[in-house]
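Chains as they are written, first to last, in my numbering: chain A, 26 to 146; chain B, -15 to 352; chain C, 2 to 498.
It is possible that part of the hints are untrue.
Stated by the list, open to error - List time: in silico DSS-like cross-link candidates among lysine-lysine, alpha-carbon distance up to 25 Å: (1) B:Lys(-9) with B:Lys317; (2) C:Lys102 with B:Lys240; (3) C:Lys189 with C:Lys215; (4) C:Lys323 with B:Lys240; (5) C:Lys14 with B:Lys229; (6) C:Lys102 with C:Lys159; (7) A:Lys118 with A:Lys99; (8) C:Lys101 with A:Lys118; (9) C:Lys102 with A:Lys109; (10) C:Lys14 with C:Lys101; (11) A:Lys118 with A:Lys41; (12) C:Lys101 with C:Lys334; (13) C:Lys495 with B:Lys240; (14) C:Lys464 with A:Lys93; (15) A:Lys146 with B:Lys11; (16) B:Lys11 with B:Lys229; (17) A:Lys118 with C:Lys102; (18) C:Lys40 with C:Lys334; (19) C:Lys40 with B:Lys236; (20) C:Lys323 with C:Lys215; (21) C:Lys407 with A:Lys59; (22) C:Lys407 with C:Lys192; (23) C:Lys323 with B:Lys307.
These aren't lab readings, by the way, just hints derived from the structure by calculation.
For reference, the chains in residue letters:
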Amino acid sequence: MNISFDDSVIKIDVDKEIYSLTVLHKCFYWYTGKYSLDICALDSTYLITISDVTTAEEKDALIQKIRKDLIDFKTREIISIETKNIRDLLIAKAFAHEDTFEEDPPPGISDPLGFDPTSIK
Amino acid sequence: MIQLKAKGIAQNITYSIVAEVVSLPGKDEVHCYAPDINDKIIIASELFESPHFIGIMGITNINHLEVGDIVLIHPNGMVYTLFRKNSSHNSLFITDRCNSNCLMCSQPPKNVDDLDYYYHINSRLIDMIPPTTRELGITGGEPTLLGQRFIELLSHITRKLPNTEVHVLTNGRSFAWKNIPKAIFDVNNPRIVFGIPLYSDYHLLHDYIVQAKNAYFQTLLGFHNMARYGLRLELRIVLHRQTYKRLSMLAKFIFKNLPFVEHVAFMGLEYTGYTPKNGELLWIEPDEYSNELEESVLFLDSMGMNVSIYNLQLCILRPSLWKFARKSISDWKRDYLSQCQQCLLLNECGGVFATSKKHSEHIKAITS
Amino acid sequence: MDTKEVKNTRKFKDYEFFRSPDSQYFLLPFRFHRINAQKEVLVNEVGDFLIVPAGTASRIVNREISEKEEIYHDLHANFFISTEAVPPLIDVLATRYRTKKSFLDEFTALHIFVVTLRCNHSCHYCQVSRVSENKKDFDISLENLMAGIHHMFRSPAKSITMEFQGGEPLLAFDEVKFAVETATELNKVYKKQITFVICTNSTIFTDEILDFCKQYDILISTSLDGPEFLHNANRPKTGIPSYELVIAGINKARSVLGHEKVSALMTTTSMSLDFPTEIIDAYIENGFSNIFLRPISPYGFALKNPKKNKYETDRYLDFYRKGLNYILELNNKGHFFVEDYTTILLRKILTPFPVNYVDLQSPAGLINSVIVYNYDGFVYATDESRMIAENLDFTFRLGHVKDDYKNIFYGEKAKFLSQYWSNECLAGCADCGFQNYCGADPVFHYSAQGDFEGHRPTSDFCKKNMEIISNLFELIDQNGSEFLPIFYSWINNKPRF
């Protein structure tokens, strides 16, 4: 990540391989209350431009926050991708009307004499 | 400890008879009646010579038997008390078999196929128990291993003892298979409560304590399936070295995931059965977990759940918890220590297990 | 004994036997939020939380957590991770999710009837047009009232609340009487549980009115802004000043109906923001054991009085924090006193149960939980919606009471608004760690920002809730043993001592 600051504008270059456009949009959405932002695609990076950064302290605090936020939103993206199916399944089950959607219990009733719970009516 | 079995010499007893004690003509003689036998059956200390004597003779001590008690008279000369008229701690014993193997089991299971044997005894017993009986337990081993006949047993009780509160002790794992809660629901008896243990909110720890893989998942699914059918549930936790550390987390877990449970019981350890064998893993002085216990009990109580503490003495509980302590130890195995005789709260306290081989070192009389 | 014994294989296995050799775990859906430099809160799909060191979410995702760590056990027990791709307890989790959203089963439960716009006060912040006491044109017609009542009974909700608002509803007491009597009669067929509430300024109670309220077990919700000087400054009226009459009215109502049947709500103005503890003291002096520290909404007359009611979120948050701290101190000293907004949030955070508070839910309260039958016969999605209409903005007008139920509750407007009423699908909210505890409010955002979806970074709704919720987690984290017992007593409305 390359960060430069010049005349109240912060420019950040992030590696496209690491940070997707979705992550960048979600992350920098939160900065649009106070600042003007621009995101554009270069060859192997995305360039984010943040304007109206007035003081040096503000710049430092902002850069620190941006580093944390980028990691956080990247983490969120991973969670979202990895849990998409389970989340859809969970909500489908939550709103299903019948219990045809339900899982079997985990196996192993562990009775040495061979009790079969499905035998009871 | 109250005596529940005695041995003598059987005569004219060809199969196990379930009989009711109908009179005590002398202190050394008891007369019983069984529906399937025409003559009275005698249990006596003396030896009888008559060939017409039907019963058990030569039993040294039969003072524990009272009119209204129901006994099992065995061809081998044993007299087992199955039901005590003047006790509120009667249970039907289903089997010695269990599909779990808890580290602290006070009644270690046996891999025996004794289902038929006990089922036949219990069937007769249910017919003879007075319908005015307020409470009846169902225990084992694991009662649901009785299979289809477990449902029939419940139905039988429902027909013959419709006003009796039934308390089933079970590991609840079978209830993960929905057909079983459904079958229980169909019995339609609102007076049955199922007491099911849960020892941790973390699955591996619970599985380790009960010595069965997936037991945690099965038990929780069981709770939910039973709740879905509106069946009444109680949750039991045994307090020992393996369970105390995550006790507060367990309490929160219970509130969030099992809020429908009608009662939560925190139980002191009975130092018998498997427990002494696993003593190092399990034994802990109750004052070591007093923080966790207080936090857990007060939390559940403040969230409107019904909480009790069983098997712990008032002197080793913090006063904030006294109102939750119950006299839970069955009368036939309850005892008090010598130092308890001076205790002001002796009558309020539930005492100790007569069966425990070890007691807390902190038990002492409360004198002010 | 007549039994057969099988070879005994009950050797004890140690803990290692139960761990699987491959300790790779799967993620379950969760979100997170940093509450300060050191800590973040992880929140799972059903609202269970864990307060953990900052950066833990990242560690979890990078599979840096080992089964030997206690945090692993916490994560598994609380449904953040699973040892299998489809967790064995997924059906339990689904039941919990269903439980959290089960308020939807009731659909519209709160039915607000604006029986008149006439009022005997001229409150500065009044979110409806002030109309002097004498203009009968601003009363609801019996015909429209009847049509509204029939719509109310069409709701699938088994428990409904019929709430009378105004203006000052008791100025149209005949209409209120008619409505209560008619609803009671109709309910013999519908057999719902009905709660009646009258939102009144408590200055015109007569014996006849209170006897009627007693007969039908009607609850009184009144306005008390704080101590006398503040209350009168906010709520001017001609003749005798408000405060004196309000207190007399409250006491009169309590003596007839019972103490617990009368509740009070405050409205926060710019002036109020300087007096948090004085307002709470005024509530205590007047026998109340709870308060709702509300912010002022940007609707109605508020916009016409920008100087008096300019809403400053930061000042409000300061006011709220001071008020909450004061209330917590009181509780610590043994005085049971509850802050209502905090309690609503705590119920969402600390219990598995659904919380039916129309201003903070997803899907939002409009139509799904609340509906307003206005004095002119038109039907609005929320209380605020009919206030916007006074400025001739009919965006949230759903139809007329004479329209078909389906066209009102499931019509084009409802469908349109449904795009914006779930915070699961809103920009900013979709990833927010506090999503489960917060809600969507398209009416607010339309009013304040001109945009149904809302712009989160500049939304006062978002800022307020995020700050308050974050603050609650900090209190729980830094001083849980002190504050959690208080919070539990609030959730269950059960004094500790």
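Next item on the list: With a cut-off of 25 Å on the C-alpha distance, tell me whether Lys323 (chain C) and Lys215 (chain C) pass.
Entry: It is violated: about 38 Å lies between the C-alpha atoms, which goes past 25 Å.
Check: Straight-line Cα separation of Lys14 (chain C) and Lys101 (chain C) no greater than 25 Å?
Finding: violated, 39 Å
Notebook entry, point to check: Does Lys240 (chain B) lie within 25 Å of Lys323 (chain C) when you go C-alpha to C-alpha?
Noted result: Judged against 25 Å, a Cα distance of about 31 Å means the pair is violated.
Checklist line | Pair hint Lys407 (chain C) and Lys192 (chain C), alpha-carbon separation not exceeding 25 Å | finding: Distance ~22 Å between Lys407 (chain C) and Lys192 (chain C) Cα, so the pair holds.
Margin query: Next pair to validate is Lys118 (chain A) with Lys102 (chain C); report whether the Cα-Cα distance is within 25 Å.
Written below: Roughly 13 Å between the alpha carbons, so the hint for Lys118 (chain A) and Lys102 (chain C) holds.
Notebook entry, point to check: Taking only the CA atoms, is the gap from Lys102 (chain C) to Lys240 (chain B) under or equal to 25 Å?
Noted result: Holds: Lys102 (chain C) and Lys240 (chain B) sit about 15 Å apart, inside 25 Å.
Item checked: Agreement of Lys495 (chain C) and Lys240 (chain B) with the hint, judged by alpha carbon distance not exceeding 25 Å -> holds, 19 Å
Margin query: Need the status of pair Lys11 (chain B), Lys229 (chain B): alpha-carbon distance at most 25 Å?
Written below: With a Cα-Cα distance of about 52 Å, the restraint between Lys11 (chain B) and Lys229 (chain B) is violated, given a limit of 25 Å.
Notebook entry, point to check: Quick one, are Lys40 (chain C) and Lys236 (chain B) close enough, alpha carbons at most 25 Å?
Noted result: holds, 21 Å
Next item on the list: Mind checking the alpha carbons of Lys323 (chain C) and Lys307 (chain B) for me, to see if they're no more than 25 Å apart?
Entry: violated, 37 Å
Checklist line | Hinted pair Lys102 (chain C) and Lys159 (chain C), Cα distance within 25 Å | finding: holds, 16 Å
Margin query: Please verify whether Lys189 (chain C) and Lys215 (chain C) have alpha carbons no more than 25 Å apart.
Written below: OK: Lys189 (chain C) and Lys215 (chain C) at ~19 Å, within 25 Å.
Checked against the numbered hints listed earlier, the structure breaks hints 4, 7, 10, 11, 12, 15, 16, 18, 20, 21 and 23; every other hint is satisfied.
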